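These protein sequences, in sequence, are chains A and B. If you read the first sequence in the numbering used here, its first letter stands for residue 8, the second for the next number, and so on. If you read the second sequence in the numbering used here, its first letter stands for residue 8, the second for the next number, and so on.
Some hints here could point you the wrong way.
Which copy is meant is left open, because identical chains are indistinguishable; a pair holds if it fits in one copy or across any two.
[Claimed, not checked] With a cut-off of at most 20 Å between alpha-carbon atoms, the simulated SDA-like pairs for lysine to any residue come out as follows:
hint: 1; residue 1: Lys365; residue 2: Ile308
hint: 2; residue 1: Lys313; residue 2: Asn330
hint: 3; residue 1: Lys313; residue 2: Glu264
hint: 4; residue 1: Lys127; residue 2: Asp213
hint: 5; residue 1: Lys241; residue 2: Gly265
hint: 6; residue 1: Lys345; residue 2: Gly206
hint: 7; residue 1: Lys313; residue 2: Leu32
hint: 8; residue 1: Lys245; residue 2: Thr361
hint: 9; residue 1: Lys365; residue 2: Arg93
hint: 10; residue 1: Lys321; residue 2: Val355
hint: 11; residue 1: Lys313; residue 2: Asp346
hint: 12; residue 1: Lys345; residue 2: Gln108
hint: 13; residue 1: Lys321; residue 2: Gln176
hint: 14; residue 1: Lys365; residue 2: Thr184
hint: 15; residue 1: Lys345; residue 2: Ala71
hint: 16; residue 1: Lys365; residue 2: Asn306
hint: 17; residue 1: Lys365; residue 2: Val225
hint: 18; residue 1: Lys321; residue 2: Thr361
hint: 19; residue 1: Lys345; residue 2: Pro305
hint: 20; residue 1: Lys127; residue 2: Arg109
hint: 21; residue 1: Lys313; residue 2: Arg129
hint: 22; residue 1: Lys245; residue 2: Asn139
hint: 23; residue 1: Lys186; residue 2: Gly206
hint: 24; residue 1: Lys365; residue 2: Glu128
hint: 25; residue 1: Lys313; residue 2: Lys353
hint: 26; residue 1: Lys127; residue 2: Gly265
hint: 27; residue 1: Lys186; residue 2: Pro156
hint: 28; residue 1: Lys353; residue 2: Asn306
hint: 29; residue 1: Lys321; residue 2: Met27
hint: 30; residue 1: Lys186; residue 2: Leu367
Derived from the structure by calculation, the hints contain no laboratory data. The structure presented is a predicted model; accordingly, all values stated were derived computationally and were not measured.
2 protein chains.
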Amino acid sequence: MDHYYAVILAGGGGTRLWPMSRSDLPKQLLPLVEDTSMFRVSIERLAPLFPVEHIYVVTGERFADKMRADAPELPAENFIIEPEGRNTGPAAALAMAVIGQRDPDATVALLTADHHITYKERFRAVLNSAFNVAQEGYIVTLGISPSMPSTGFGYIRRGELLSETDGFQVFHSLNFTEKPDPQTARQFLRSGEYSWNSGMFIWRADLAMREFKRQQPVIHDLMAAYQQSVDTPKATAKLAELWSQMPRVQLDTGVMEGAERIAVIPVDIGWSDVGSWDALFDVLDLDVDGNGFRGSSPNRIVVDTKNSLVYSDKLTVTIGVENLVVVDTPDVLMICRKDRAQDVRKVVDLLRETEQDKYL
Amino acid sequence: MDHYYAVILAGGGGTRLWPMSRSDLPKQLLPLVEDTSMFRVSIERLAPLFPVEHIYVVTGERFADKMRADAPELPAENFIIEPEGRNTGPAAALAMAVIGQRDPDATVALLTADHHITYKERFRAVLNSAFNVAQEGYIVTLGISPSMPSTGFGYIRRGELLSETDGFQVFHSLNFTEKPDPQTARQFLRSGEYSWNSGMFIWRADLAMREFKRQQPVIHDLMAAYQQSVDTPKATAKLAELWSQMPRVQLDTGVMEGAERIAVIPVDIGWSDVGSWDALFDVLDLDVDGNGFRGSSPNRIVVDTKNSLVYSDKLTVTIGVENLVVVDTPDVLMICRKDRAQDVRKVVDLLRETEQDKYL
Chain A
8 MDHYYAVILA GGGGTRLWPM SRSDLPKQLL PLVEDTSMFR VSIERLAPLF
58 PVEHIYVVTG ERFADKMRAD APELPAENFI IEPEGRNTGP AAALAMAVIG
108 QRDPDATVAL LTADHHITYK ERFRAVLNSA FNVAQEGYIV TLGISPSMPS
158 TGFGYIRRGE LLSETDGFQV FHSLNFTEKP DPQTARQFLR SGEYSWNSGM
208 FIWRADLAMR EFKRQQPVIH DLMAAYQQSV DTPKATAKLA ELWSQMPRVQ
258 LDTGVMEGAE RIAVIPVDIG WSDVGSWDAL FDVLDLDVDG NGFRGSSPNR
308 IVVDTKNSLV YSDKLTVTIG VENLVVVDTP DVLMICRKDR AQDVRKVVDL
358 LRETEQDKYL
Chain B
8 MDHYYAVILA GGGGTRLWPM SRSDLPKQLL PLVEDTSMFR VSIERLAPLF
58 PVEHIYVVTG ERFADKMRAD APELPAENFI IEPEGRNTGP AAALAMAVIG
108 QRDPDATVAL LTADHHITYK ERFRAVLNSA FNVAQEGYIV TLGISPSMPS
158 TGFGYIRRGE LLSETDGFQV FHSLNFTEKP DPQTARQFLR SGEYSWNSGM
208 FIWRADLAMR EFKRQQPVIH DLMAAYQQSV DTPKATAKLA ELWSQMPRVQ
258 LDTGVMEGAE RIAVIPVDIG WSDVGSWDAL FDVLDLDVDG NGFRGSSPNR
308 IVVDTKNSLV YSDKLTVTIG VENLVVVDTP DVLMICRKDR AQDVRKVVDL
358 LRETEQDKYL
């Protein structure tokens, strides 16, 4: 494990969990499922597998202080600060450049900061296997067994079996498909050949740089130019200069879809992208009535309440209600029927259109 | 009208509109129906009928400053401050003693600070008629036509017709009945002979003192002793001294049930005691979907929401919900199904039992 690294890509924003997630307080900084932030949970579930020196974070300056406070055990130099968000492609390339410079034999797992994983031990086991497969020159992805024909995820099609290791089957990956239409999604589910793309990739840093060179030469050249400045006094200035020329590219579509030698390990780790309020019902510990209560105040009075989720930091009283999502923040109160959680996006759009940015 | 006075009994507390109404912020101080407090509304609806010098308020010291601020046009000496709450009997007797001392020919309407009246002009008209009837030595009550067999109100039975005046029929009152059981309430409603006791009484101050003397001699004697001190420098000290011996007596049961020569004027003034959250649906201006929104923030986003009442001072978003009462205060959030509003009382009881007084 001497050359194995984990990188948590934690620079993203998002408003699907509005009004709790905001532009300056994204999902990964919220204690949505456990008692600490999703970012902190992401760090902690890696701890048994990596020395803290091998856990990296890529994020932007505006979230960096909160993340440093959330993960004080990580070395300062393991926080890689993007001068500006340019999507996951440049973020991944930057991490590979920095880690590859420090350890040319590095193999790196690109992981997420805002996804839930229920079975943490199995996650670490499959990650360990993926690192070993990655030594053979594969980009290894963790494939999530789809539970429904979702149109919100990318899909990965399995090809021939490459190997079995530690109880996990490793398949050659035939292709990536970005978010399909409903009919295609149903075909994928029926075929049994597809996994959801979890966005977790494990590959050698040198292979990563080669793939960027082949498919995203602009990103590659900028990061190759940066590599010589890593850990020098000029690093920050140099990165800022180069980053201004950085294109916006998504890792999945810009690199993975066209990559060679991709392997997929289908696995059930109780994964959820926690992409909407109703998704939280699947990952929270609910009480016997199907209710979940979260927030800093332990005070609540619950009378005949079912299948409801309440995020509130003050005394909250519910009487005779069911199937509700209640989110109370200092400046916004939202009460949404559980099966209408997707409509939160429309509310966010409306706020954007009407320039009520203070609520975003 | 030279000797006609209105007294607003505004000293009461109550928690049926918890969590908005609190021990230090009772219902009458809240802008529940209109844009100003119910107390302020009570003052304003009297204004066309009385000079401000003839409008009195009885309350306790802890609410007095807020009420003075709410009704700055009233003379300072028209705020009669009870040293301590001893229920409505002593409050009424105190008002009668003070006003009777200042004007021995006074006729006084005892009114409430926390009830809603939709038809204000008709209210003033019936009040005017009641004053005239009171000159003939009657205690005149305004009787509300019952809309359902409520067990929450007292009832007044009509006897023979005494007179008709300005379009209002005045009846001799046969008896008062305090909150009946459901079966009795249904009989009352069917008989057509009963009105709800609105708690509004109009009578001459000298008659009032005689009724107290006959039925509540302790109260009478204390207030007779106080009367000589009214408007002297010793008034406050004297009242405090006498008040410590004052029994707790309800006006309805302690005086009205045993009073002679009671007249009732049945009238529809769109009266509501606003005794629970669901009662507000009947008195608020609702939108086409049956929703009512109140609070200091004009900001709300309403998606597919029906028959719901929201009291909130911040941006509130409702999506796909119906038949809800939502009350957001700085330290408590309540979400209650409309037809369960009576259960708020149980929550208040629970808070009291568990000594969570800060929420009461």
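Status of each hint after checking the structure:
Taking the shortest alpha-carbon separations for Lys365 and Ile308, only the inter-copy value of 15 Å comes in at or below 20 Å, while the best intra-copy value is 31 Å. Taking CA atoms no more than 20 Å apart as the test, Lys313 paired with Asn330 passes in both settings, with 6 Å inside one copy and 16 Å between copies. For the identical chains of this complex, Lys313 and Glu264 are neighbours neither inside a copy (43 Å) nor across copies (47 Å), given an alpha-carbon limit of 20 Å. In this assembly of identical chains, Lys127 and Asp213 lie within 20 Å of each other by CA distance neither inside one copy nor across copies; the values are 28 Å within and 83 Å between.
Taking the shortest alpha-carbon separations for Lys241 and Gly265, neither the intra-copy value of 34 Å nor the inter-copy value of 95 Å comes in at or below 20 Å. Proximity of Lys345 and Gly206 under a CA criterion of 20 Å is satisfied in neither setting, with 27 Å inside one chain copy and 45 Å between copies. In this assembly of identical chains, Lys313 and Leu32 lie within 20 Å of each other by CA distance neither inside one copy nor across copies; the values are 29 Å within and 32 Å between. For a Cα distance limit of 20 Å, the shortest separation of Lys245 from Thr361 qualifies neither inside one copy, at 39 Å, nor across copies, at 62 Å.
In this homomeric assembly, Lys365 and Arg93 never come within 20 Å of each other (Cα to Cα): the closest approach is 23 Å inside a single copy and 50 Å across copies. Taking CA atoms no more than 20 Å apart as the test, Lys321 paired with Val355 passes between copies only; the shortest distance there is 16 Å, against 24 Å inside one copy. In the homo-oligomer, the alpha carbons of Lys313 and Asp346 lie at most 20 Å apart both inside one protomer (14 Å) and across protomers (16 Å), since each shortest distance falls under that limit. In this assembly of identical chains, the alpha carbons of Lys345 and Gln108 never lie at most 20 Å apart, being 48 Å within a copy and 64 Å across copies at closest.
Taking the shortest alpha-carbon separations for Lys321 and Gln176, neither the intra-copy value of 48 Å nor the inter-copy value of 53 Å comes in at or below 20 Å. Taking the closest pair of Cα atoms, Lys365 and Thr184 never come within 20 Å of each other, the shortest separation being 36 Å inside a single copy and 57 Å across copies. For the identical chains of this complex, Lys345 and Ala71 are neighbours neither inside a copy (33 Å) nor across copies (45 Å), given an alpha-carbon limit of 20 Å. Proximity of Lys365 to Asn306 under the C-alpha cut-off of 20 Å is restricted to the inter-copy arrangement: shortest distance 12 Å between copies versus 29 Å within a copy.
Proximity of Lys365 to Val225 under the C-alpha cut-off of 20 Å is found in neither arrangement, the shortest distances being 36 Å within a copy and 62 Å between copies. Taking the shortest alpha-carbon separations for Lys321 and Thr361, only the inter-copy value of 17 Å comes in at or below 20 Å, while the best intra-copy value is 30 Å. In this assembly of identical chains, Lys345 and Pro305 lie within 20 Å of each other by CA distance neither inside one copy nor across copies; the values are 23 Å within and 26 Å between. Proximity of Lys127 to Arg109 under the C-alpha cut-off of 20 Å is found in neither arrangement, the shortest distances being 28 Å within a copy and 82 Å between copies.
Taking the shortest alpha-carbon separations for Lys313 and Arg129, neither the intra-copy value of 32 Å nor the inter-copy value of 46 Å comes in at or below 20 Å. Within a single copy, Lys245 and Asn139 get their C-alpha atoms no closer than 34 Å, and across copies no closer than 93 Å, so neither meets the 20 Å cut-off. Taking identical chains as interchangeable, the C-alpha atoms of Lys186 and Gly206 lie at most 20 Å apart only when both belong to the same chain, with a minimum of 13 Å there against 67 Å between chains. For the homomeric pair Lys365 and Glu128, neither the shortest alpha-carbon distance inside one copy (40 Å) nor that between copies (45 Å) is at most 20 Å.
Taking the shortest alpha-carbon separations for Lys313 and Lys353, only the inter-copy value of 19 Å comes in at or below 20 Å, while the best intra-copy value is 26 Å. Taking the shortest alpha-carbon separations for Lys127 and Gly265, neither the intra-copy value of 30 Å nor the inter-copy value of 76 Å comes in at or below 20 Å. With identical chains, the CA atoms of Lys186 and Pro156 are at most 20 Å apart within one copy only, with a shortest distance of 11 Å there and 60 Å across copies. For the homomeric pair Lys353 and Asn306, the shortest alpha-carbon distance between copies (16 Å) is at most 20 Å, but the shortest distance inside one copy (32 Å) is not.
In this assembly of identical chains, Lys321 and Met27 lie within 20 Å of each other by CA distance both inside one copy and across copies; the values are 15 Å within and 14 Å between. Taking the shortest alpha-carbon separations for Lys186 and Leu367, neither the intra-copy value of 26 Å nor the inter-copy value of 52 Å comes in at or below 20 Å.
The structure fails hints 3, 4, 5, 6, 7, 8, 9, 12, 13, 14, 15, 17, 19, 20, 21, 22, 24, 26 and 30 (numbered hints given earlier, in ascending order).
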